[in-house]
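Its first residue numbered 62, the sequence shown is counted upward by one per residue in this note's numbering.
If you are wondering where the hints come from, they were derived from the structure by calculation, not from laboratory data. Incorrect hints may appear among the rest.
Label-pair distances were calculated between CB atoms; the ranges are [what the hints assert, rightly or not]:
1. ASP245 / GLY311: 16 to 22 Å
2. LYS220 / ARG116: 46 to 52 Å
3. GLU452 / LEU161: 45 to 51 Å
4. ARG225 / ARG184: 22 to 28 Å
5. ALA295 / ARG199: 33 to 39 Å
6. LEU309 / LEU161: 53 to 59 Å
7. ARG184 / GLY258: 42 to 48 Å
8. ASP423 / GLU328: 34 to 40 Å
9. PRO291 / LYS470: 38 to 44 Å
10. TYR373 / ASP332: 23 to 29 Å
For each residue, glycine too, the CB sits at the ideal point set by N, CA and C.
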Amino acid sequence: MPASQHVPVPHQRAAPEAAVSNSGAGALNLLVIEDDPAGTVSVHELLDAAGARGRIRTARNLTEAERLLTDDVHCILLDLALPGGDPDDELAALRHLLRLAPHHAVLALTPSTHAERAAEAVRVGAQDYLFRDELDARLLSRAIRYAVERKRADTAQYKLAESRLRAQENARLERGLLPTPLLDGSDLRFAARYRPGRSRALLGGDFYDTVRTPDGTVHAMIGDVCGHGPDEAALGVELRIAWRALTLAGLCGDELLSTLQEVLEHERDSDEIFATLCTVDISPDGRGAGLCLAGHPAPLIARSGRAFLLPYEDSGPALGLLPRARWPRRQVELGREWGLLMYTDGLIEGRTGEGNQRLGQDGMLDMINGQLASGLRGESLLEAAVTRARELNGGELTDDVAVVLLERKRR
Numbered sequence: 062m063p064a065s066q067h068v069p070v071p072h073q074r075a076a077p078e079a080a081v082s083n084s085g086a087g088a089l090n091l092l093v094i095e096d097d098p099a100g101t102v103s104v105h106e107l108l109d110a111a112g113a114r115g116r117i118r119t120a121r122n123l124t125e126a127e128r129l130l131t132d133d134v135h136c137i138l139l140d141l142a143l144p145g146g147d148p149d150d151e152l153a154a155l156r157h158l159l160r161l162a163p164h165h166a167v168l169a170l171t172p173s174t175h176a177e178r179a180a181e182a183v184r185v186g187a188q189d190y191l192f193r194d195e196l197d198a199r200l201l202s203r204a205i206r207y208a209v210e211r212k213r214a215d216t217a218q219y220k221l222a223e224s225r226l227r228a229q230e231n232a233r234l235e236r237g238l239l240p241t242p243l244l245d246g247s248d249l250r251f252a253a254r255y256r257p258g259r260s261r262a263l264l265g266g267d268f269y270d271t272v273r274t275p276d277g278t279v280h281a282m283i284g285d286v287c288g289h290g291p292d293e294a295a296l297g298v299e300l301r302i303a304w305r306a307l308t309l310a311g312l313c314g315d316e317l318l319s320t321l322q323e324v325l326e327h328e329r330d331s332d333e334i335f336a337t338l339c340t341v342d343i344s345p346d347g348r349g350a351g352l353c354l355a356g357h358p359a360p361l362i363a364r365s366g367r368a369f370l371l372p373y374e375d376s377g378p379a380l381g382l383l384p385r386a387r388w389p390r391r392q393v394e395l396g397r398e399w400g401l402l403m404y405t406d407g408l409i410e411g412r413t414g415e416g417n418q419r420l421g422q423d424g425m426l427d428m429i430n431g432q433l434a435s436g437l438r439g440e441s442l443l444e445a446a447v448t449r450a451r452e453l454n455g456g457e458l459t460d461d462v463a464v465v466l467l468e469r470k471r472r
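Using the sequences and the accompanying hints, generate a full structural model.
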């Protein structure tokens with residue numbers, strides 16, 4: 062921009078009238094950072110002449126400005142010629158201010174003979190610039206409101222872009238953190254649903270996995286680390302990975318759970334952290350399974366369109382509660398055609414309307430049987446179960462929810 066061009070700022074920046082008029086009804090608070098007392102007085106006078114409502118705070122330098130910079134300040138008018146700046150960087154004061162006030166609108170004030178520096182101020186991060194020798198009441202009032210609206214628009218655009226990037230990153234992380242079942246060579250059908258309890262969280266403390274070992278046995282697991290924070294989610298992922306590695310190495314039952322307890326005790330942040338776990342080892346012929354419960358609710362088995370709970374009398378304690386604990390492995394008959402539903406307590410601890418009544422295992426059993434009677438199977442059954450539990454709760458379930466379904470058809 063040539064130094065001889067003296068065009069009012071709103072025309073230079075094409076400030077939309079709508080952005081000014083929409084915020085014209087509200088009072089705007091201005092912080093003026095200027096070393097010239099006479100200049101500060103002129104800003105007061107100009108805003109009074111424009112009939113602008115709001116408060117003006119004044120600071121002679123950035124140190125004073127930092128003390129006056131509160132959340133109720135809408136806009137900052139910065140004199141680019143503040144003394145004591147970096148002789149090698151004409152915009153050092155502006156860069157410092159933008160670090161101090163990243164969420165505030167900023168107007169740069171400079172003589173019209175420094176047009177290039179004014180334009181560079183906008184490239185660095187100011188919302189607009191004003192020429193001191195061209196100020197008038199209408200221009201100043203309008204430029205302040207325009208800067209505020211532009212900052213709001215920039216902030217909204219930044220948050221939108223950040224949200225999209227987070228969603229893309231979460232999708233990539235989810236593909237990496239949630240397990241891919243290793244069931245090659247098995248005739249079992251696998252389905253799963255996962256919903257973290259924390260708002261906007263990727264994973265909660267629930268975890269699950271399914272693998273088939275070379276002898277044809279299908280091993281399935283579901284677990285729940287107490288708590289809902291990112292540390293619990295990370296511990297759940299560690300336990301899942303450890304379970305898969307130990308299972309592929311040939312461990313099962315009490316030996317596997319004892320080793321997982323050692324992993325938990327070494328990795329947890331507090332001695333109060335524990336994890337519940339359910340493991341099922343399905344025989345190669347698919348007709349029977351070994352069941353271990355470590356403080357975890359028993360799975361459901363569905364046959365001929367009817368579901369019931371597997372035995373849970375011989376369950377052991379949750380991992381991390383008792384040193385040298387033992388976990389009995391119980392053999393259960395599955396039959397020729399069945400569906401095995403494993404779940405975490407987030408599914409059964411939701412409310413069932415007003416009051417404190419919870420869905421519980423009996424309520425879940427009735428719910429699943431109703432859905433089986435309507436012909437739901439596989440992915441549709443899991444989606445319907447989680448959706449119905451949420452509806453009964455009257456909104457989002459507060460705990461993490463993981464549900465795994467393995468199905469075997471008659472051959």
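Legend entry - Hints violated by the structure (listed by number, smallest first): 2 and 5
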